[in-house]
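S.K.: Can you build the whole structure from these sequences, using the hints too?
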Amino acid sequence: MTYFPEEVVEHIFDFLSSHRDRNIVSTVCKAWYRVERLSRRIVFVGNCYAVRPGRVMARFPGMKCLSVKGKPHFADFNLVPHDWGGFALPWIEAAARGCPGLEELRLKRMVVSDESLELLARSFPNFKALVLVSCEGFTTDGLAAIATHCRGLRELDLQENEVEDHGRQWLSCFPDSCTSLESLNFACLKGEVNAGALERLVARCVNLRSLKLNRAISVESLARMLARTPHLVELGTGSFTVEHRAEAYQRLIHAFRKCKSLKSLSGFWDVAPRCLQSIYSICPNLTVLNLSYAPAIQGADLVKLIRHCFKLQKLWVLDCIRDKGLAVVASTCQELQELRVFPSDIYGTGTAAVTEEGLVAISSGCSKLNSLLYFCHQMTNAALITVAKNCPHFTRFRLCILDPGKPDPDTNQPLDEGFGAIVRSCKDLRRLSLSGLLTDKVFLYIGEYAARLEMLSIAFAGDSDKGMVYVLNGCKNLRKLEIRDSPFGDAALLENVGKYETMRSLWMSSCDVTLGGCKALAAKMPRLNVEVINDRDESDEMEENPSDMHKVEKMYVYRTLAGARNDAPEFVEIL
Amino acid sequence: MSPPLEHDYIGLSELPFSAAAAAGAAEDGALNLKETELRLGLPGSESPDRKEKVGLTLGLLPKVFGSGAKRGFSDAIDGAGKWELTSGGCGSEVEGGKGGALFSPRGEDGGGQLSGHGNAGKDVAPKADGQERKAAGQVGNSAGNDRGVAPAAKAQVVGWPPIRSYRKNTMATNPSKDKEDADEKQGPGCLYVKVSMDGAPYLRKVDLKAYNNYKELSSALEKMFSCFTIGQCGSHGIPGRDGLSESRLTDLLNGSEYVLTYEDKDGDWMLVGDVPWEMFTNSCKRMRIMKGSDAIGLAPRAMEKCKNRIRISF
Numbered sequence: 001m002t003y004f005p006e007e008v009v010e011h012i013f014d015f016l017s018s019h020r021d022r023n024i025v026s027t028v029c030k031a032w033y034r035v036e037r038l039s040r041r042i043v044f045v046g047n048c049y050a051v052r053p054g055r056v057m058a059r060f061p062g063m064k065c066l067s068v069k070g071k072p073h074f075a076d077f078n079l080v081p082h083d084w085g086g087f088a089l090p091w092i093e094a095a096a097r098g099c100p101g102l103e104e105l106r107l108k109r110m111v112v113s114d115e116s117l118e119l120l121a122r123s124f125p126n127f128k129a130l131v132l133v134s135c136e137g138f139t140t141d142g143l144a145a146i147a148t149h150c151r152g153l154r155e156l157d158l159q160e161n162e163v164e165d166h167g168r169q170w171l172s173c174f175p176d177s178c179t180s181l182e183s184l185n186f187a188c189l190k191g192e193v194n195a196g197a198l199e200r201l202v203a204r205c206v207n208l209r210s211l212k213l214n215r216a217i218s219v220e221s222l223a224r225m226l227a228r229t230p231h232l233v234e235l236g237t238g239s240f241t242v243e244h245r246a247e248a249y250q251r252l253i254h255a256f257r258k259c260k261s262l263k264s265l266s267g268f269w270d271v272a273p274r275c276l277q278s279i280y281s282i283c284p285n286l287t288v289l290n291l292s293y294a295p296a297i298q299g300a301d302l303v304k305l306i307r308h309c310f311k312l313q314k315l316w317v318l319d320c321i322r323d324k325g326l327a328v329v330a331s332t333c334q335e336l337q338e339l340r341v342f343p344s345d346i347y348g349t350g351t352a353a354v355t356e357e358g359l360v361a362i363s364s365g366c367s368k369l370n371s372l373l374y375f376c377h378q379m380t381n382a383a384l385i386t387v388a389k390n391c392p393h394f395t396r397f398r399l400c401i402l403d404p405g406k407p408d409p410d411t412n413q414p415l416d417e418g419f420g421a422i423v424r425s426c427k428d429l430r431r432l433s434l435s436g437l438l439t440d441k442v443f444l445y446i447g448e449y450a451a452r453l454e455m456l457s458i459a460f461a462g463d464s465d466k467g468m469v470y471v472l473n474g475c476k477n478l479r480k481l482e483i484r485d486s487p488f489g490d491a492a493l494l495e496n497v498g499k500y501e502t503m504r505s506l507w508m509s510s511c512d513v514t515l516g517g518c519k520a521l522a523a524k525m526p527r528l529n530v531e532v533i534n535d536r537d538e539s540d541e542m543e544e545n546p547s548d549m550h551k552v553e554k555m556y557v558y559r560t561l562a563g564a565r566n567d568a569p570e571f572v573e574i575l
Numbered sequence: 001m002s003p004p005l006e007h008d009y010i011g012l013s014e015l016p017f018s019a020a021a022a023a024g025a026a027e028d029g030a031l032n033l034k035e036t037e038l039r040l041g042l043p044g045s046e047s048p049d050r051k052e053k054v055g056l057t058l059g060l061l062p063k064v065f066g067s068g069a070k071r072g073f074s075d076a077i078d079g080a081g082k083w084e085l086t087s088g089g090c091g092s093e094v095e096g097g098k099g100g101a102l103f104s105p106r107g108e109d110g111g112g113q114l115s116g117h118g119n120a121g122k123d124v125a126p127k128a129d130g131q132e133r134k135a136a137g138q139v140g141n142s143a144g145n146d147r148g149v150a151p152a153a154k155a156q157v158v159g160w161p162p163i164r165s166y167r168k169n170t171m172a173t174n175p176s177k178d179k180e181d182a183d184e185k186q187g188p189g190c191l192y193v194k195v196s197m198d199g200a201p202y203l204r205k206v207d208l209k210a211y212n213n214y215k216e217l218s219s220a221l222e223k224m225f226s227c228f229t230i231g232q233c234g235s236h237g238i239p240g241r242d243g244l245s246e247s248r249l250t251d252l253l254n255g256s257e258y259v260l261t262y263e264d265k266d267g268d269w270m271l272v273g274d275v276p277w278e279m280f281t282n283s284c285k286r287m288r289i290m291k292g293s294d295a296i297g298l299a300p301r302a303m304e305k306c307k308n309r310i311r312i313s314f
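Quick note, the sequences are listed as chains A and B, same order.
Using the working numbering, you'd call the opening residue of the first sequence number 1 and step up by one each time.
Using the working numbering, you'd call the opening residue of the second sequence number 1 and step up by one each time.
Treat the hints with caution; some may be incorrect.
Claimed, not checked - Only some residues are given here: those of chain A computed to face chain B with a beta carbon under 8 Å: (1) 32; (2) 33; (3) 44; (4) 77; (5) 79; (6) 155; (7) 157; (8) 188; (9) 290; (10) 293; (11) 404; (12) 407; (13) 409; (14) 410.
Everything labelled a hint here was simulated from the structure, so no lab data went into it.
Just so it is clear, CB atoms sit at the ideal spot from N, CA and C, and this is done for glycine as well.
M.R.: This is the structure in structure tokens:
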């Protein structure tokens, strides 16, 4: 292979789509390293602190798309203090200096300031796509800068970010000459936008295929926009508040009938169930339906709707669909691949909305199911064993039994056998989240059978250090391990320290790990950052020199080439 | 951007609701109104009986009032805050739980505090076991409660269930499914209601969606209407000022200030503060700042429905 001219090698590398494959070929020899690095266009950085931004830019000068992830996953659930880190600015600054040809930037769980967005807007003349997922720190002023300066912007996708509202004018900042938008998603913005400016923008962007509106957009406005975008493929409807007798509703129905390309629907925040009829004409074409923000749609109406959706591949619903509703999904949606059932009533003890029955029903009808997120009030081993048999193709299986540490209600046993069946049967399982009452046994199973497992989330589980050790010693492909409220301590932490260099990160909170254990880990493994995160409330009371026996509340360990980071706040101690 | 408080989503039907359900409905008879009544409470706390409550409140109030359980709105908020701080101690935890229970904003903070407390309570023989922490969080609150802890009681654990904050926040502002009226139109992003004040020459309008809780609303109203109170703004030419100031003084002496009331969807005049914030914004049609003395007429009927009052103090 080394006798091939570089252009040929580069061409061959073009066929390698995954980052991992490209990373591997670049280690073969210096020539390949060089060819690969100059030809890499898409760069993915899973942990923003694993490598310095400048180094990434230097290695991949031809980079066009950059993805960076910041905070650990448990930050989604308020387990990571607010100012922990994950700042986007250093990345944007480095890219501005090193890769001015950047076209796409995707950030997840990072702190993005308006300053960063302004810098972004001005630094990359070919910038085409900005995707921010679960980020925070910016306001609509930052969005205004993007709208104003990014000529030729194709995609602005804001997913579930915390955006401070500084007024509605940002959308009007798209110049009249902007006709390039293909995807616009501002569903997470709480404030109003200038509806007129939006409608004009939508009308002139003839290539627009994805439009996700926020709750403030009225149905009248939606109807007008739909009339101008009959080729829309994805739609987020906004609040969808309309009187079924209103003229706007009729116009909406008419507009929907013309949208023959619509495949994905979401939104419906305030919809009256009666008005769902307006989308019946589109349902047979839908492959993606997200009703997880529509608590107003209850069982019967939901079921009526779903009966029309026989091509559905991805369904997100609230648990008010009930087990019966899931049975209807099972019989209607034979193509279903991904199902997410979210709780609508988190702390209530009200009627259990979905149980193991619903999941079993789904598994018997939807044999193509490969991705599951299921919040329920109870689960049984028998059900899990049945599900494992029916659906051996799971790649992502996340089960959340709302009551932590709850056993199988039929047998009062832990759910070890149930989850064991899942990992044994689903050989391609890459992601697993556990819940319910679990002993060390489940980890024995996981270590033994979950060969492809990459991410494991553990909460309120296990009896002893053995549990964690089974996992660390067993799962060859483990990349991310996150544990909370489980009895794993220093012995487990230090059992297989080399393992952590093969993983992206380890998170442990409310476990039995002590400061001494963390120090020992840091001392043994210089290429790991061992962060001890103290609760802010406590840090004032913290003694100057806490003893090594002191249990660590939160610990985040990750491999890094960059050494200790210099932007850590006071309450984070890097050992 | 101001850092969000590290606290949990508080659903509308949390512990007190379940406690009420489990404890039966002796007072309300066959209709079991208590079961459907939404109460605000710190997690792990028990909503006390109404009769007990009055006595309890008086004992805990920082100020001494005349008759009835009257408190200034800001006192209620501040009082709740004080109670929270003492919730670390065992003895006052019960009162703290009960007394501070009634406002959703404090409830949220309390929730965060409590669970933070629970998690930080390393001295409470920590097994890293959720059950243990739940118990720790619950122990103080249910101690001494004569109704006992409902079997279905759940304490709040930080970050559990694992739902993204964005989703929690969004769902919190959605109307409760049971209360949804199919024909009801909701404003796109604002909800302006008229606010009148007894003795003021003109009304104001406020956008309820601009506030997240009762505390913010009350501060805004205080600012808006402070110019109508005696001694703060002399240029309004309110007739009979002297007479007003005399009764105003009396009012102050008796500790009865203005009372904030609202007219709900059914046309009833209710005292502001009883129901969860979201329920209030969904049902409020307009508001009226009544003189405390006027509100007494409202009281007997309203007393059945509430445990506490929101007052504006100027």
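S.K.: So, as I understand it, the hint says residue 157 of chain A touches chain B; can you test that by seeing if any CB pair is closer than 8 Å?
M.R.: With a closest approach of 15 Å, the residue 157 of chain A hint is violated.
S.K.: When the nearest CB of chain B is found for residue 293 of chain A, is that gap smaller than 8 Å?
M.R.: holds, 6 Å
S.K.: The hint names residue 44 of chain A as touching chain B; please verify it with the least Cβ-Cβ distance against 8 Å.
M.R.: Violated, about 22 Å.
S.K.: Return the status of the interface hint for residue 290 of chain A: holds when the least beta-carbon distance to chain B is below 8 Å, violated otherwise.
M.R.: violated, 12 Å
S.K.: Going by Cβ atoms only, is residue 32 of chain A closer than 8 Å to chain B?
M.R.: violated, 41 Å
S.K.: Under 8 Å, Cβ to Cβ, is where residue 79 of chain A needs to be relative to chain B, so tell me if that hint holds or is violated.
M.R.: holds, 5 Å
S.K.: Can we keep the residue 155 of chain A interface hint, with Cβ of chain B closer than 8 Å?
M.R.: Nearest chain B Cβ about 20 Å off; hint violated.
S.K.: Does residue 33 of chain A pass the interface hint, meaning its C-beta sits closer than 8 Å to a C-beta of chain B?
M.R.: violated, 39 Å
S.K.: Taking the closest Cβ pair, is residue 407 of chain A under 8 Å from chain B?
M.R.: At about 12 Å, which exceeds the 8 Å cut-off, the nearest Cβ of chain B leaves the hint on residue 407 of chain A violated.
S.K.: At a threshold of 8 Å, is the proposed contact between residue 410 of chain A and chain B supported by beta-carbon distances?
M.R.: violated, 19 Å
S.K.: Hint residue 188 of chain A vs chain B: min CB-CB distance below 8 Å?
M.R.: holds, 7 Å
S.K.: May I ask you to test the interface hint for residue 77 of chain A with respect to chain B, counting a Cβ-Cβ separation under 8 Å as satisfied?
M.R.: holds, 4 Å
Checked against the numbered hints given earlier, the structure breaks hints 1, 2, 3, 6, 7, 9, 12, 13, 14 and satisfies all the rest.
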